[in-house]
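If you read the sequences in order, they're chains S and A. Using this note's numbering, the first residue of the first sequence is number 1, and each one after it goes up by one. Using this note's numbering, the first residue of the second sequence is number 1, and each one after it goes up by one.
In case anyone wonders, no lab produced these hints; they're calculated from the structure. It cannot be assumed that every hint is accurate.
Said to hold, decoys possible - Listed below are the simulated DSSO-like cross-link pairs for lysine-lysine, each with C-alpha atoms no more than 30 Å apart in a straight line:
1) S:670 / S:720
2) A:124 / S:292
3) S:292 / A:75
4) S:211 / A:124
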Amino acid sequence: MDISTTATNWKPRDLADKSDKQTLKKAIRMALELENEAVRRNTGTFNTNRYKTVSGISDYEELKQRAREIKEEAIEQLPDLLKQLEENIKKRGGHFYLAKDATDANQYIDRICREHSVRSVVKSKSITSEEIKLNHTLEGSGIEVVETDLAEFILQYADEQPSHIVAPAIHYTRERISELFRRVFHTDEKLETGEELTAFARKKLREKFLKADAGITGANFLAADTGTLTLVESEANIRMVTTLPALHIAVAGVEKVIPHFEDLAVFIELLAASGTGQALTSYTHFLNPPLKVPVIPFNGRKNENREFHLVLIDNGRFNMREDPVLKEALYCIRCSACMNSCANFQTVGGHAFGGECYTGGIGGSWHAGTDKLEKARFSDLCSGCSRCVPQCPVKIDIPWLNEVLRHRLNQLNQESGAVPYIFKGFIPSIPGDRKASLQKQFFGNYYWFATRGSKWSGMTNSMNRNSLFRSMLEKYAGVDKRRNLPEFTSKPLTKYRDEIKNFPVSDIFNISQKAVLFADPYTNFGHPQNGIAVLKIFKKLGLDIVLSDCISEGRAALSQGMIPTAKKEANDTAQHLKPFLDEGRDIIVIEPSVLALFRSDYRHLLDDKNLFEGLQKKSYEPVEYLLKILNKSGIDPSDVFQISADQKQHPVFYHSHCQQKTTKSDKATKDLLVKLGIDLRESDVECCGMAGSFGYKSEFYDVSENLGRQLVSQIDTNMKSGDNLTVLASGTSCTDQIESFSKYNVIHPVVFLAGFLVK
Amino acid sequence: MAEPDSLLSIFTQNAQSAGASVELIKRSPEALSDSLNKLTEDFDEVIYIRPTSLPHEFFSDFLNNDKVISSPVKKQLGDAKVAITDTFAGIARTGSVCLELTDSYTNHASLLSTWHIAVLDAQKIVPQPRDIFKEGLVLKKGNPLDFVIITGPSATADMGKLVRGAHGPAKLHIIILT
């Protein structure tokens, strides 16, 4: 394939294995050109429906916690549970087979089919069967394999891999399905509406169901204590596959086993709600095969007895179980919430953000675990925005999994040449991270560049606009030329210490709270005005507030998978902040991605777990902290911020940061603005698409731009002509992103509020 | 725990949102027979499966009807237009009915027909899906039931929009005996 040819000619299957970066780039281009429209609409529907449905589950958080505990217990006791399951299946007259790998599983299933002289198999959706490439084996034995899930039916004829684990043809628009059917079935039938397309496929497949000799399904859950198989679907094809042919073979990974039948109650509610966002899908099956349901000889075979085979597959899963990080993926119940809530996935889908069968944020771990590490390369599309984390029904910290995969992939890096050699000679990555690519080292060492960029800001800022320099930066460090680099200030926040001392203190409020503002590097070198606004507000309220030193806190390194560097920086930061905690100070953090470190990611990075808990409990987003102390002191916010009548006439648009949404520290800003009488408008995008370094990287710039323009169009929609619209954003990235694709001047909410601070 | 009346109204609302139609009738053979006659008046053949949960007598009035096929043969099942079964539980929050897969043709009838009429006893409605796992409803002396929770007609979103009537019934009608 030539990069100059049009993406229209590229086949998703040829781009499924993204072990090398070039293929990933091509797949992104193909997805943006051909699949973006359908993927965005369909994931958006799932995402909206999930939010709505989970809000109707009164104990959603407890249910997730319970699910997490059950899965932890199940994986812990896996060998025993498999034995118990085997006994229960056999007791009923079923067959049980534990396959060590794909070949073993395929040979077993092929043998069973041949022993029964199977000519035709109807199959329901099973991503695990895609993992082992079962169809290929059976077709090699001359058996007709019919995919009966309508999405899989489309893909079988299109010869494509799934682009989503729950809705495998999520990238297909109705128009493209119509075009495909007319082409492959050589029909002149009017196949335009969803109803016509469905009726056409239904008719074709009904014949296949009736004449099939065997049915193959996956399994959503298997209860060890009863041997019950649970399957979830909407189309009724699983009902056909499990009850029409006499022979039923279920194929699943060993991780699908859970201890108790009653546990199924927890999972069926969570799976449907988290996946398609339905309270339940049309059919939720609880089967204890071989079933008592009579066999009707539609296929012409007489006197057949029902027979059931459960084929469970290891294929790397027992090794994943021993791996402290990949073990987490075994808890996955394959609901797809992490994909539907992912801004990048919503833009490109699983043909770019996915491999040969597994997709999205969790997909990298599955490919690394069941195939090889290089296959997880696509997980670089995870920007670590963390929007998937609160959506996961089994509480997997998916960004962390991807950061660890990135770290492991960094170790495989073979980059050579003079420039990387020289460059790596002077940047301060610690030994465990020195193999990372130049691009990752560049972004992972933000602090190092920012300190120097700020010191010589005149020169660096003009170099950033120099096209030759930018070409070199793109070539060697993968920094996209089209992206404006952030400007560094010549006077960082920490140089304002003298001025800060003189900020006015009002004796009206007199709040006796002690706090420290953490001078995070992004605020310090890029947006010191935000820090100044925070200090002005809190000084005015009478707080004893001090400013910390500026130190590298680990976010940049972590996002590049430079985990040893991130660990060192995290521990240094925590040690710097410890004395402030010991003095009883609360910690105010402006940059939401840094607040997210303190509240969550540091659990993986800090040696001192007590210190992590201290930081977690005592750190606050500035407006969150403000609202908390105002409420506690019984102060009416409008006594502190006197919003002008003119301002109240004009709408204010607020875009909260992705990690701020996850840490739930965005609510306070919205509440406060509304309390102050502001006409507040909001975006509903999960992430702006910049996400720290993501939007700067040449391979991801187009994805980021697509997302940035989507956000800007939401702002535009709220901008009536003549409106004096104020745009607020809490994150450095979001601010840069909105400004890159619009003419809006974006400010932090604290800067906006400080403008109305009582005299 | 919600009051039975409110469970019934929650059930009805959610079953309708899931695409089913719901009809509340008096708990009597006459009322059931009237309702079934009306529903099936345009059909020449109606597949009927003997109930496993409701008393058989509830259907006795309706069974005196020539078009009722209570022992269907292969061809009748394959070409079925409308089928009547009972269900052993309903779930209010999701608007679902629970169907046992027995050694009779319950499964085939409710699956292969275009229209599934499911009869449910209002007393058997529980608040949430998890509640059917309590009180020995689906697990009796350690023996689990083969069953399927049905929420609306068969459907797909794979053809560019939500279409009701994928491989299974395109219509689900729930008759609730109050």
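Checked hints:
1. Our distance criterion of 30 Å between C-alpha atoms is met by residue 670 (chain S) and residue 720 (chain S), whose separation comes to about 21 Å.
2. Restraint check: the Cα-Cα separation between residue 124 (chain A) and residue 292 (chain S) comes to about 24 Å, which is no more than 30 Å; the hinted pair holds.
3. Restraint check: the Cα-Cα separation between residue 292 (chain S) and residue 75 (chain A) comes to about 21 Å, which is no more than 30 Å; the hinted pair holds.
4. Taking the CA atoms of residue 211 (chain S) and residue 124 (chain A), the gap is near 37 Å; set against the 30 Å cutoff, the hint is violated.
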